[in-house]
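Colleague: Taking the hints into account, I'd like the entire structure generated from these sequences.
Single-letter residue listing:
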Amino acid sequence: MIRSLYYTPGKPIRKDIPPQEFPKLTRNHRGLLWVDFADEPPETCLPILQGFGFHHLAIEDALQQTHSPKLDDWGNYLYIVLNYMTIADNGSDWETDIDELDVFLGQNYIVTHHDNPMTAIDETWDSSNRDERNLHDGADHLLYKITDKLVADYMPLVEKIDSSIDQIEDQVFDKPSPRTLEKLFALKRVLLAMRRILLPQREVMNKLARDDYQVIDPKDRIFFRDIYDHLVRLHDLNESLRDLVGGALDTYLSVINNRMNDIMKTLTIITTLFMPLAFVTGFFGMNFFEPLGLMRNWTTNPVFYIMLAITVLLPTGMYLWMRRRTWI
Amino acid sequence: MIRSLYYTPGKPIRKDIPPQEFPKLTRNHRGLLWVDFADEPPETCLPILQGFGFHHLAIEDALQQTHSPKLDDWGNYLYIVLNYMTIADNGSDWETDIDELDVFLGQNYIVTHHDNPMTAIDETWDSSNRDERNLHDGADHLLYKITDKLVADYMPLVEKIDSSIDQIEDQVFDKPSPRTLEKLFALKRVLLAMRRILLPQREVMNKLARDDYQVIDPKDRIFFRDIYDHLVRLHDLNESLRDLVGGALDTYLSVINNRMNDIMKTLTIITTLFMPLAFVTGFFGMNFFEPLGLMRNWTTNPVFYIMLAITVLLPTGMYLWMRRRTWI
Amino acid sequence: MIRSLYYTPGKPIRKDIPPQEFPKLTRNHRGLLWVDFADEPPETCLPILQGFGFHHLAIEDALQQTHSPKLDDWGNYLYIVLNYMTIADNGSDWETDIDELDVFLGQNYIVTHHDNPMTAIDETWDSSNRDERNLHDGADHLLYKITDKLVADYMPLVEKIDSSIDQIEDQVFDKPSPRTLEKLFALKRVLLAMRRILLPQREVMNKLARDDYQVIDPKDRIFFRDIYDHLVRLHDLNESLRDLVGGALDTYLSVINNRMNDIMKTLTIITTLFMPLAFVTGFFGMNFFEPLGLMRNWTTNPVFYIMLAITVLLPTGMYLWMRRRTWI
Amino acid sequence: MIRSLYYTPGKPIRKDIPPQEFPKLTRNHRGLLWVDFADEPPETCLPILQGFGFHHLAIEDALQQTHSPKLDDWGNYLYIVLNYMTIADNGSDWETDIDELDVFLGQNYIVTHHDNPMTAIDETWDSSNRDERNLHDGADHLLYKITDKLVADYMPLVEKIDSSIDQIEDQVFDKPSPRTLEKLFALKRVLLAMRRILLPQREVMNKLARDDYQVIDPKDRIFFRDIYDHLVRLHDLNESLRDLVGGALDTYLSVINNRMNDIMKTLTIITTLFMPLAFVTGFFGMNFFEPLGLMRNWTTNPVFYIMLAITVLLPTGMYLWMRRRTWI
Amino acid sequence: MIRSLYYTPGKPIRKDIPPQEFPKLTRNHRGLLWVDFADEPPETCLPILQGFGFHHLAIEDALQQTHSPKLDDWGNYLYIVLNYMTIADNGSDWETDIDELDVFLGQNYIVTHHDNPMTAIDETWDSSNRDERNLHDGADHLLYKITDKLVADYMPLVEKIDSSIDQIEDQVFDKPSPRTLEKLFALKRVLLAMRRILLPQREVMNKLARDDYQVIDPKDRIFFRDIYDHLVRLHDLNESLRDLVGGALDTYLSVINNRMNDIMKTLTIITTLFMPLAFVTGFFGMNFFEPLGLMRNWTTNPVFYIMLAITVLLPTGMYLWMRRRTWI
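Residue numbers (my numbering), protein chains in the order written: chain W, 1 to 328; chain E, 1 to 328; chain C, 1 to 328; chain D, 1 to 328; chain U, 1 to 328.
If you are wondering where the hints come from, they were derived from the structure by calculation, not from laboratory data. Please note that a few of the clues may not be correct.
Copies of the same chain look alike in the list, so a pair counts if it fits in one copy or across any two.
Below, in silico cross-link-like pairs of lysine-lysine (DSSO-like), each with a Cα-Cα straight-line distance of 30 Å or less [stated by the list, open to error]:
1. Lys188 to Lys265
2. Lys11 to Lys175
3. Lys70 to Lys207
4. Lys149 to Lys160
5. Lys24 to Lys145
6. Lys188 to Lys219
7. Lys70 to Lys149
8. Lys70 to Lys219
9. Lys175 to Lys145
10. Lys24 to Lys219
11. Lys149 to Lys219
12. Lys219 to Lys175
13. Lys175 to Lys265
Modeller: Next comes the structure, spelled out in structure tokens:
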């Protein structure tokens with residue numbers, strides 16, 4: 001889907017402009033053009049992007065979807081790659097998807113290109129349509145609005161992970177199971193993936209906040225500084241969460257290990273107590289000796305029933321005891 | 001709660017000034033205004049902070065309580081975020097709480113904003129009220145006093161953790177238990193959290209001690225240098241404690257492992273000694289052979305009672321022996 | 001094999017030029033000479049390379065094949081070492097081979113030297129032969145084309161490793177075996193080897209993209225910048241894959257550990273349940289007591305056959321149960 | 001204890017000068033004053049240090065004894081904090097004590113402050129008293145002599161640790177015991193503590209050797225460079241020792257693990273061999289079958305004595321065998 | 001042993017010059033003096049070195065043999081410390097020896113000092129004697145030749161370690177034994193020691209290749225650059241080998257762990273199968289029941305011999321099976 005939006009102060013917003021008009025509109029320095037490509041095949045995007053006069057290396061990068069967050073300064077426009085993350089929580093496994101947002105930012109236009117629908121883009125689009133004051137501050141401010149929303153979207157994700165860890169930490173001591181482990185490894189993977197995209201995005205924001213670019217109004221840098229600070233904070237939270245996951249993993253292993261020790265101890269105690277006894281009874285069961293007949297009352301029916309009861313009750317009792325200790 | 005305090009040399013200290021007067025007071029360069037917001041809802045803080053003319057991004061940061069320690073230079077005022085830590089020791093678990101202190105420091109005013117009561121703020125407030133010499137050296141010196149107290153408050157915490165580790169180290173060799181492990185993991189978490197806030201705060205102090213700011217008197221930098229040194233020291237102590245906790249964890253696991261080895265050794269020895277014997281006695285207990293009758297005195301009553309005594313005393317003895325080795 | 005190719009605008013491409021002519025041809029600033037040494041013994045290469053006037057240290061480096069990727073600026077020519085990787089997947093073991101490509105890049109000539117056949121060189125050679133437009137942009141652009149292909153060749157490799165890891169991750173939970181471990185260690189080794197050559201190659205590209213060299217046209221730097229970005233991306237992917245392998249290893253060990261715990265638990269439970277019973281039956285099997293004769297019907301033929309059936313069915317059942325739990 | 005020493009070229013050394021005279025003496029640029037505070041309460045030190053005109057922050061730092069090695073340049077004097085280490089070897093546990101030496105170095109005076117007796121100070125003091133040539137080169141050279149001795153004192157310590165590790169490494173393979181582990185953890189702790197004070201002291205020496213200070217004669221920098229090199233060497237040795245301790249720990253755990261495996265193997269072999277046999281003998285011991293009487297000679301007295309001998313000799317033999325394998 | 005060599009262009013090489021002449025010879029700027037001290041006691045070296053006018057700190061460093069590789073620029077001469085490594089392979093243990101080479105490099109002289117015989121020195125000495133062209137390029141080029149040989153000597157060492165690791169890797173999967181572990185730990189130690197001396201030597205070469213020294217001809221820097229590249233390559237190889245050792249260790253532990261699991265599984269299976277059976281046979285062996293006499297043919301001689309055969313063949317078979325699985 002290609003959608004476009006053109007704003008000139010004092011005039012109504014034009015929508016769905018034919019692509020052929022884009023080059024002409026960018027020449028009007030008082031207007032602001034936003035073109036958004038969502039899940040559009042490269043064939044359709046290529047000619048339009050070429051129409052803007054972008055370098056073919058930048059266009060290739062945008063269409064190949066294989067880049068890490070970066071910022072390339074091409075003089076009269078910037079090519080920016082950002083990443084966004086979606087997580088589908090299927091019970092124990094967290095499916096993470098990292099997608100790419102390519103932005104071409106010119107003096108009076110912004111071109112966004114992405115494969116999957118993005119709430120950050122959609123919300124900014126809608127609010128721009130609703131209220132043209134959002135378009136008042138130029139293309140760089142529009143970029144700020146989009147990135148601000150994109151970064152803000154990490155927060156609920158981080159909170160969801162946080163509450164997941166809390167839940168798991170409680171389980172670890174009470175009822176450690178292989179599924180706990182699976183969940184922890186899944187969380188670890190998600191946090192690693194997030195860390196990998198937070199760091200270079202932070203760097204991109206740092207550049208926007210600090211360096212001198214032709215298409216960024218120096219007094220707008222403060223806004224990118226603010227996003228940079230948010231990313232620093234997110235990175236910190238990510239580190240904390242990774243520490244918590246690491247700690248939970250260590251705890252899990254220690255708890256399992258302790259339980260194992262308990263089990264081995266019981267095995268050893270039982271064996272140590274009964275093995276010598278088995279020898280003693282075995283010794284007196286050998287055929288060297290003949291029964292005397294004096295103790296025949298030990299082999300009467302009542303004794304037999306008591307013995308039968310013991311053979312049933314003893315293992316049942318032990319079974320229940322082990323159950324209470326959550327071994328089984 | 002909002003409280004304010006205004007000092008002009010030679011005049012009595014004014015308190016609880018109506019917020020409307022703040023902007024006017026800040027224009028008098030000889031006075032010193034301190035406004036403190038404690039656990040105040042954003043709605044009340046917002047207009048007052050706007051009255052000071054702070055940038056809306058800085059105000060947002062202050063009201064959202066989600067930032068890491070940082071320092072933003074806005075020219076005629078500084079926006080500083082600091083963290084403080086409170087720990088509630090509930091037996092094995094140390095509940096840590098990290099709160100945020102936002103400071104706006106101007107030439108002749110200081111605005112502090114925090115959600116929970118802070119001893120560092122309260123003590124400085126009280127001493128300022130008691131003795132106006134504390135207000136004599138300007139707003140930057142007041143900031144020094146607050147941060148000095150804030151940093152000094154870490155020391156008893158560190159000492160408490162230190163003595164906890166000492167205690168645990170003794171337990172590890174004598175009586176390792178899963179609870180020891182829980183405590184160690186809790187301490188590890190606290191130390192990690194502390195490290196996370198010490199490092200950026202150190203950086204903030206470093207900036208105050210080194211860089212040139214409009215609102216910091218160059219000859220006051222030496223004081224922030226001193227706090228910086230304290231934070232370096234605290235960070236060193238934190239590292240040492242983390243090493244000690246790490247060492248205690250390793251020791252715990254090794255002790256447990258050694259104990260496990262001991263237990264397995266006993267199991268193996270007992271099994272190895274008695275299994276072949278069980279075969280021997282089993283062999284002569286088979287019905288191929290008939291008792292001879294010559295050794296009937298082995299099945300008399302006295303022998304039976306001796307045998308009974310053995311079956312009672314042997315496991316009891318083993319049980320006591322295992323108990324002495326603290327297996328049970 | 002030595003092959004050479006000489007292009008002057010407007011004339012047909014000359015091939016297999018006698019080595020004696022090389023020095024003369026390099027003096028024509030409008031032409032472009034490419035000499036490629038493939039698996040040629042040092043004795044043959046030495047005089048030809050000396051004919052170009054290269055420093056003897058650079059020639060030694062090129063002929064010894066023992067260098068890491070690097071770039072030496074010798075003024076009127078560059079000496080560049082690159083690495084390429086071939087992987088032969090023999091079932092569980094991935095045989096990696098790292099080979100060296102030496103490049104001498106002058107204003108109007110490029111000399112490539114390698115021991116094994118390289119697809120990146122061969123493809124560029126063929127396309128240059130086919131279409132002389134490839135030679136149009138000078139020696140530095142030819143280097144770009146070669147390195148671009150060389151770097152692009154990593155991608156299918158990375159994808160192959162990625163799908164291998166996916167496959168292994170599924171096995172780890174379902175059917176962990178020592179072979180899984182072997183495969184993981186093999187992948188880990190491959191990724192480490194790749195990382196080792198990606199990092200210095202990235203640095204070489206960074207230098208070509210950033211620094212000022214006599215033989216690199218400043219407006220071609222953007223192309224090396226693009227390769228640099230690809231290497232950054234590859235390095236990122238490599239890191240991700242190494243994390244995945246690390247995670248799979250941890251998971252493997254945890255799964256094995258969990259299984260071990262399960263097995264030990266079963267051992268303990270069985271021992272704990274039956275050992276005391278063995279004592280009880282042993283006790284009443286001693287020769288102190290004489291059978292009464294009242295319960296002779298317990299030793300009749302039907303009972304014997306039932307007992308026989310139990311001794312066959314019980315272990316068979318347990319065996320099948322253990323099998324279903326994939327212990328055996 | 002406060003002791004002082006005043007040297008003017010050509011005059012005898014004055015000792016135990018009343019503190020009131022210190023300020024006056026420091027004004028004579030040809031003399032050299034050394035004041036040493038050893039284990040003196042802060043109350044006594046404070047007025048004397050103030051008499052020298054030191055900044056109150058520096059005095060506070062000196063009296064509080066809580067600082068890491070550092071160097072503060074106060075213009076006409078330097079405030080330097082150094083650490084020294086004493087180790088008491090109580091069998092398995094190495095008690096380490098880290099103390100602080102505070103130095104104020106002026107153009108023609110040096111003030112040292114420490115809590116515990118220090119051989120480096122005492123020796124320099126004695127040699128200064130004995131031979132005034134030691135005082136000839138000014139205060140900075142005196143500082144060099146003190147730090148040179150202080151750093152030289154680490155060497156015997158390092159050698160002692162080295163020989164301890166050698167001893168332990170031999171034990172690890174021959175007779176690993178939990179005490180070996182305790183010793184290793186103690187050594188690890190000592191080495192970590194040493195590393196922590198070596199690094200910042202190295203930095204202090206680096207500053208003295210490299211930077212420009214008013215009170216350090218530029219041609220004396222070479223001496224501090226020499227101490228710096230010694231600290232580099234010590235740090236290297238420390239790293240090597242830490243590697244050795246780490247290696248010994250790994251070896252210990254592996255040896256223990258191998259031994260454990262051996263033990264488990266034995267257990268499994270014995271159980272695997274005798275359990276089926278126990279079933280076989282148990283089977284023929286059931287009361288379904290009646291002895292035939294034909295094999296009564298298997299239950300005669302000689303056989304019984306042989307059997308008794310086996311039940312005594314078999315476990316004794318196994319016990320001795322296990323002992324020879326150092327399991328018990 | 002002290003040996004010396006003096007070359008002036010056009011004259012025969014003088015040997016074994018009396019030390020008194022050294023200072024005079026160094027004053028002739030067209031000559032080249034090389035003095036080599038091999039295993040000479042400090043007493044003999046000291047006066048000769050002082051004769052050259054070296055700083056007493058540099059002489060002390062040279063005679064004490066306790067320094068890490070470093071380079072000190074003393075203006076008209078350089079003091080350089082290099083390390084070389086000798087390894088004696090005593091079966092499982094690799095005895096590494098790290099020795100020190102001290103070099104004083106002046107404009108027209110070089111002084112080398114070492115305790116053990118060094119092939120790099122001896123070979124350069126011999127080739128200098130044989131062919132005076134080696135002395136033609138001055139003292140700095142002589143230093144290049146010595147260091148070039150010294151660095152080249154690492155290569156066979158590295159290859160030897162490489163083949164050792166290959167051998168061990170094969171053993172790890174086929175026949176892991178504690179000796180394998182010992183060898184791995186020994187290799188790890190050697191590689192760590194090598195890494196420790198490679199890194200600072202690389203730094204020394206980097207300085208010689210990059211910085212401006214009075215005694216190094218700028219156009220000779222390229223040679224030190226070449227040695228620097230060799231050291232970079234050696235460091236890379238060292239890293240790779242350390243990774244391989246690390247991987248082999250992990251594999252060893254995993255293989256041992258897997259084997260352990262196999263053993264435990266067998267134990268559990270055997271116990272689980274036979275314990276219930278033992279109870280069953282024990283149950284019917286109790287004296288409650290009297291044999292019926294109907295199944296007396298189960299206790300006849302043939303059955304007895306079959307049973308005896310089983311008790312011999314069953315454990316023998318299991319023993320052989322375990323042996324084939326290389327447990328014993």
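Colleague: Hint numbers the structure violates, sorted upward?
Modeller: As far as the earlier hints go, 2, 6, 9 and 12 are violated by this structure, in ascending order.
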